[in-house]
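Fit chain U to the known structure of chain W by using the hints.
Protein chains: 2
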Amino acid sequence: MVSIVNIFMDYWFAEIITIGNEVLSGKTVNTNASHIGRRLTSLGFTVRRITAVMDEVDEIASAFREAIDRKPRVIVSSGGLGPTWDDKTAEGLAKALGVNLELNKTAFDMILEKYMTRKIPITEERKKMAYMPYGAIPVENNEGIAPGIYVYHNNIDILATPGVPREMENVLENFINKMLRNRSNLKYLEDFIYVENVMESSLAPYVKELVKKYDIYIKTHPKSYEMSHPILEIQIAGSGKQEEEIKVKIEKVKFELLDAIKKLNGIIRNSL
Amino acid sequence: MVSIVNIFMDYWFAEIITIGNEVLSGKTVNTNASHIGRRLTSLGFTVRRITAVMDEVDEIASAFREAIDRKPRVIVSSGGLGPTWDDKTAEGLAKALGVNLELNKTAFDMILEKYMTRKIPITEERKKMAYMPYGAIPVENNEGIAPGIYVYHNNIDILATPGVPREMENVLENFINKMLRNRSNLKYLEDFIYVENVMESSLAPYVKELVKKYDIYIKTHPKSYEMSHPILEIQIAGSGKQEEEIKVKIEKVKFELLDAIKKLNGIIRNSL
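One line per chain: the protein sequences are W and U, in this order. Numbered continuously in the numbering used here, the first sequence closes out at residue 272. Numbered continuously in the numbering used here, the second sequence closes out at residue 272.
Next up, chain W with everything else stripped away, as it sits in the complex (with noise of 0.2 Å):
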């Protein structure tokens, strides 16, 4: 059986570390791992791992340990740089890669410069923003004041972005322009097909051989009732070097799951 990771190539996979209580409480969707996800999914990038961890010094030294043994290409956490007691994301992260916290100066002065030009006074709370791990480089917040902060250790580019959504959008954002030093010169393509009154289960020996015949992703999503009302999105991504080449075979591949669908009496829908 082939491997996903033959298709996608891990050396240009990627993790994501969320950190946060409220996601592992349920009180929060993880809606930052989705949007970080397909962001370096539409880089070329595979995300591997995904790892939601409480706000903890020792949670969040493990889990950017853990992620940095394996070797991604990448890593982006988001949470833990606010002003309250409960930010430890910096502390986390320098306890990972082993070095000292500090006051940075540059991130120091960003923080400044935001609350100076309101008039309003800093406070230890607030400088709290700026200590970072040594080495680290802060990455401009423009949707609020915790800058992100960026390292490049082990040949991975790491980056912890702020927690609310609009400033992990924009620190990302940020960091992809400016500092992101492993880009991935692999296209991501994907293609979608939806059907009716085919069951998963029928399916499966269809898409278990154009796998192995075209080296593809191929994913059965059921959408409703498996037996008495089965609907089915079905998934097929590629990535490559050249676009034109993963976009012929996802053409082929779908070529081919249109005439299984109609052999098993499929009703081919434009939408879900």
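Accuracy of the hints is not assured; some may be wrong.
Same chains, same label: a pair holds when it works inside one copy or across any pair of copies.
What the hints assert, rightly or not - Calculated lysine-lysine pairs in the DSSO-like style (CA-CA distance at most 27 Å, straight line):
#, residue 1, residue 2
1, Lys-71, Lys-127
2, Lys-187, Lys-213
3, Lys-119, Lys-263
4, Lys-223, Lys-27
Note that these hints are calculated values from the structure, not bench results.
Showing chain U alone in chain W's frame:
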């Protein structure tokens, strides 16, 4: 500084594993993890980690193995139990436990009955859903075909549920009602305050003091722009053996927080 661990007594901690490339690429938001997190939290568990991994046997096995090594009381996974080539959770779990994957007769009977009553023939793909780690107990799935997988290992209740949300929720409830051995006697309570016109960084020193004073969990979630128009959601959460005791503590904390908010010219809102 008071650690959350003290408050939540991590003897009752839990982990969640979700299996599926669609979560990693950001195609699907991980609402399954949120549901499982909320449900386990309501039972008095503290979810300490959520790990999302690819549909690969080795990745699934390592996620389970690492979770088992951290000695939680419960591990709940979702995804990867279906009939297709990329459904590999049973195999990954067997590998993590160091046991064989084998045809589970009870599971096979469950599956057979569902197809037979609808006069649908059994195929290799459909039979696949009956393969489970040696010693596993199938968990009834009243919303679909694939049964859940329950294993009691190293004093840990391990449950694998399907990835379709409706099926996951049903299998989870069947497991809680019939199989869950490690039952927390802790009650968990939480309350919220919504406030306008107070910056998170202004409230931070008060929150820090109250966390110390009451040994309770307080978290501020900024919902708008920190400086131009700050809106905060303040979460106050506690758990313990006596429901009344936690209630009183949360009320006292709320009282002191409202006092601090008044000092900071905050405006209390009824909701976000």
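TODO: Since the copies are identical, ignore which copy is meant and state whether Lys-187 and Lys-213 lie within 27 Å (CA to CA) inside a copy, between copies, both or neither.
DONE: within (21 Å within a copy, 54 Å between copies)
- [ ] Check Lys-71 against Lys-127 for me: Cα-Cα at most 27 Å, and say if that holds within a copy, between copies, both or neither.
- [x] neither (33 Å within a copy, 38 Å between copies)
- [ ] Measure nothing new, just compare the shortest in-copy and cross-copy C-alpha distances for Lys-223 and Lys-27 to 27 Å and report within, between, both or neither.
- [x] both (25 Å within a copy, 14 Å between copies)
Task: 27 Å Cα threshold - placement of Lys-263 relative to Lys-119 - done: The answer is between: 19 Å across copies meets 27 Å, while 71 Å in one copy does not.
Hint check: a violation occurs at hint 1 only; the rest are consistent with the structure.
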